[in-house]
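Peer 1: Keeping the supplied structure of chain A fixed, place chain B upon it in accordance with the hints.
2 protein chains.
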Amino acid sequence: MGVPVISWKNDYLMVLDQTKLPLREQSVDLTKPEEYARAIRDMKVRGAPLIGIVAAYGVAQAALNSQNEQFAEFEKHVRRALESLAATRPTAVNLFWALKRMQAVLDDNILRSPAKHALALLNEAKSIHREQVEADRAMAMNGAALIPRNSNVLTICNTGALATGGEGTALGVIFEAHRQKRVKRVFVPETRPRMQGRLTAWELHKGRVPYKFIPDTSVGALLSREEVAAAIVGADRIAANGDVANKIGTYQMAVLCARHGVKFIVAAPRSTFDAGCPTGNDITIEERDGDEVRKVGRCFVLPKEYLVWNPAFDITPRELISHYVSEDGVESGGRED
Amino acid sequence: MGVPVISWKNDYLMVLDQTKLPLREQSVDLTKPEEYARAIRDMKVRGAPLIGIVAAYGVAQAALNSQNEQFAEFEKHVRRALESLAATRPTAVNLFWALKRMQAVLDDNILRSPAKHALALLNEAKSIHREQVEADRAMAMNGAALIPRNSNVLTICNTGALATGGEGTALGVIFEAHRQKRVKRVFVPETRPRMQGRLTAWELHKGRVPYKFIPDTSVGALLSREEVAAAIVGADRIAANGDVANKIGTYQMAVLCARHGVKFIVAAPRSTFDAGCPTGNDITIEERDGDEVRKVGRCFVLPKEYLVWNPAFDITPRELISHYVSEDGVESGGRED
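Chains as they are written, first to last, in my numbering: chain A, 1 to 337; chain B, 1 to 337.
For reference, chain A alone in the conformation it holds in the complex (with noise of 0.2 angstroms):
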């Protein structure tokens, strides 16, 4: 990939604005904590992991800036970051888990020092960074095996390098499959209303890797006429019991998959897996502006006073999954086939 998804700079990150892809390529440089917090909210960065990343940079950012302060106001200034980096995307668990690390470092009182708190800062989210490319690549082996020779597979969204910082999830399974010489093409849904099928598109373009795109109304058209052997879908947070949410329209295609008997595999990261939600019920489910339905970047496609329902996520049972693949290896989903 010509430009990187995300770079550190010395005291600065470098995001590539996913907001202009497909159409252009184009960074921006976050310099203060409410510029990271920005760039969540406005989704020039996004994928749960890649949230995580970048707010856990964010907070660095912070105690970077205020180094120079006494640790009161030090202090001060990284938890005012820490908040308002929490309050950016209420469904991504890897966010509120990636704070939870860099708040543990700032709880480390035995440092005292603003500076050597910064670098303590800085080095935790270069190990969040790095630990997930580590994870993307374990999981990305561990995925490939399930998908047969030459097959045909179908995902959603991005969850690709965009969406990690890594080689991605299900994208970065579908990427080493390829590699492998098992995807022979890859069905790649738009996604709306943010279509971030054209990230995957983009992403997959790039990598030479052969892709259709495809409207979201023909996922069960191309099921139908297309021998597909797989779907590999990313997530946001999956509860106890076994329930998925990720993007709206996964619950839609896990179904369709069951009824063509095509394999339906989410890829996640282990941090995803969230212990303490014990059902797919107990996820809260975000719903964005109904702007983001209304327009098609800029354009209004839709008068501004017509109704809309925009629901960011959905919940897939248990039951409709067939394997959970996470760094640690492969788990049974509830599919009965």
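No wet-lab data here; the hints were simulated from the structure. Some hints could be false.
A pair counts as met if it fits within one copy or between any two copies, since identical chains are not told apart.
Claimed, not checked - Calculated pairs, BS3-like style, for lysine-lysine (alpha carbon to alpha carbon, straight line, at most 27 angstroms):
1. K184 x K9
2. K20 x K295
3. K9 x K206
4. K206 x K304
5. K184 x K304
6. K32 x K100
7. K9 x K32
Peer 2: This is chain B only, laid out in the frame that chain A set:
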């Protein structure tokens, strides 16, 4: 509705330009047969029944514009109009059916006077239009009776006045059911790639029927979270065994409705039932230009060189259909619940 969908103005046809909706309500006057053909080809008018009606008026227009010529010249102009209108949308069954009726009137040699012929052709076009209005009315009454009081309902694409020139097929049923206090709210999927759901939202918004416009990805989430009594959809063609060809996205909606025990109702005029076509497998599915997916309106959302699959229709098997509604009554489908 403030602006009529089509309106015959003594010697020309005024049509609402559907490509401008819902952002602008703008009419165009069609005064020459070439303008009728272009309006159909450019989808300023769309919907199988409405295309047939407009094409019929286009033939009448050719006749009226040539009524002061010698019969041979007159006939040449009308036949040229018949041919050019037949070439606009090669898959629309109603178009050929309407043009065949106009041709039969032209071929009626008893009149042999251009002026009388022209009047007869105009009257035939008006009959085709009026019969559609009556059929829609009967279908609306037949279908509304299937909806329980105070229900949420779901539809797809646009099947209203904008599609038929009457009060619509599936959406006509929904409007009538709303008048009968059977419909609480209508959920309207966007229906990519061409987003005809916007036309449905426009009709409901103007008609003061409560609705929510939703992304195509959220149909499954809707059915798992909200009480929805029925989905009511149109059809482009119904095979002898009851399989239905309709707008892409219909099949997956039917699968989801079956899973959630939501009635799935197909509302279509008798002329849609094709006894000569044994099963859904015998229906050729039109694949349209990938730019419909790469673009939204006039804006590219995906670069031109990206690979796209863009089937226009899908096939819903009879087993997923609860009821077929036409102007003649209601028939049971193959759903077992």
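Peer 1: I'd like to know which numbered hints this structure contradicts. Please list them from smallest to largest.
Peer 2: Hint 1 contradicted; others consistent.
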